[in-house]
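Novice: What follows is each chain in one-letter form.
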Amino acid sequence: MRPFDYHRATAPDDAARAAASGGTFIAGGTNLVDLMKLEVMAPERLVDITRLDMRGIEETGDGGLRIGALVSNTDLANDARVRRDWPVLSRALLSGATQQLRNKATTGGNLLQRTRCLYFYDRAMPCNKREPGSGCGAMEGFNRILAVLGTSDHCIATHPSDMAVAMMALGAEVEIARAGGNTERLPLDDLYLLPGDTPERETVLAPGDLITAVILPAPVAGRQSYRKVRDRASYAFALVSVAAVVAVEDGKVARADLAFGGLAPKPWRDKDVEAALLGQPPSEALFDKAADILLAKAQGHGANDFKIPLARRVLSAVLTELTEGAAA
Amino acid sequence: MQTSLTINGETRQLDLDPRTSLLDALRHHLGLTGSKKGCDHGQCGACTVLINGRRVNACLSLLCMHEGDEVVPIEGLGQPGALSPMQQAFVEKDGYQCGYCTPGQICSATAMLEEIAQGWPSHVTADLEARPELTTEEISERMSGNLCRCSAYPNIVDAIRKAAGETA
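First to last, the protein sequences are chains A and B. Number 16 in the numbering used here belongs to position 16 of the first sequence; there are no gaps in the numbering. Number 62 in the numbering used here belongs to position 62 of the second sequence; there are no gaps in the numbering.
If you're looking for bench data, these hints aren't it; they were derived computationally from the structure. Note that this is a predicted model, so its numbers are computed, not measured. Even glycine gets a Cβ: it sits at the ideal position worked out from N, Cα and C. All clues given are correct.
Coverage of chain A stretches by chain B, computed from C-beta distances (three or more under 8 Å per stretch; other residues unrestricted):
1) 23-32
2) 46-54
3) 69-78
4) 87-96
5) 100-111
With the sequences and hints as input, model every part of the structure.
Specialist: See below:
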């Protein structure tokens with residue numbers, strides 16, 4: 001590990017100052033410390049934000065929740081309100097990592113975790129994300145776990161989070177304390193950038209910008225599910241995952257909020273897929289049509305080709321589960 | 001870099017490079033070699049200790065970030081002649097072969113029983129709002145952060161059940 005300066009932030013503006021000039025925030029550290037050991041990341045200064053007051057989960061005026069950025073994955077998954085009203089979020093969190101890691105990992109850090117692409121982790125290999133311009137070893141290499149949607153000629157990395165996929169389906173917003181002093185709220189979808197020709201830029205955050213909270217809108221009517229397909233039953237990243245909030249009224253799909261993990265460089269939401277389902281009676285043919293739209297531009301790279309038919313089947317299974325027996 | 005924290009109930013002061021992991025601090029600087037370094041990347045769980053009562057991977061924890069925290073590694077759970085119920089159960093049920101993963105398994109399992117007592121759900125819990133039960137499926141899922149390359153898993157599960165007061 002490369003040497004670094006350590007700064008324990010005492011207040012948000014102190015954290016922003018310390019990070020704006022070459023500092024990197026650290027909270028749970030479950031991903032960052034690992035990447036520092038491998039020297040994939042080598043921050044000059046670590047700004048420890050764990051002493052800031054961002055551990056609360058509060059109800060918002062309109063029936064939603066404001067989740068502090070330092071709330072651990074464990075505490076969020078266990079929150080009685082989340083288990084009751086946003087179960088897809090509890091389910092997504094519980095499907096990720098291990099209890100030891102969930103105890104340390106935070107809400108903000110989970111959103112900002114880096115890809116688990118093997119070529120990003122291996123410094124002997126080319127990687128445009130780690131070393132811009134060096135090429136992509138994954139494109140024609142071991143890409144079983146990598147993306148089929150939203151990729152570019154420079155990068156096919158996937159975003160590894162389960163939590164973020166559920167938050168995307170729930171229409172969450174991210175609260176950001178900008179380094180300049182303003183506080184902003186962005187739809188989670190707008191936090192992330194697609195790789196394009198700058199895969200090293202993963203979010204719209206500038207140096208010193210700090211995620212302070214995630215805001216969930218009020219719960220909506222419908223059934224929720226998080227289905228994750230992976231190479232082993234526990235402690236593995238998603239090959240394909242689907243977070244869904246689905247309602248059926250008068251025999252027709254009245255809500256279909258869907259987000260996908262394991263398919264793209266960011267938690268993936270496609271409003272055209274949802275629009276195709278709305279107002280239609282649920283059927284296998286309809287679910288197939290939704291999958292056609294989702295996967296119209298999907299591109300495999302050999303070892304990950306299987307994700308395209310797998311995503312179709314997982315989507316269909318989730319929609320079947322959530323519409324079966326629903327009030328006609 | 002000065003760090004002051006509580007280890008097994010005793011306040012300890014350490015002056016170490018900020019790169020030092022909690023695991024290396026325990027093993028190399030405090031002589032507490034019960035916690036083991038397996039992968040050093042949070043994948044195997046051999047380094048599992050309790051921090052403020054919760055199980056975490058000590059290898060992914062920087063010592064300097066734990067100012068004021070209470071750390072309990074395996075040495076704090078019990079000692080020869082005064083084993084904790086979980087340690088005793090691992091001995092009685094032969095919950096190990098080579099023993100390298102055992103301290104992490106025991107720290108992890110000790111915390112896990114407390115988590116179940118507090119009603120924390122897991123990935124395999126059918127009803128998120130019901131009290132979880134200590135089934136084999138639940139134990140396997142909840143212990144998935146602790147690998148045993150000798151594959152002593154059946155006896156580890158038996159030991160955990162015994163410590164929980166069930167007949168295995």
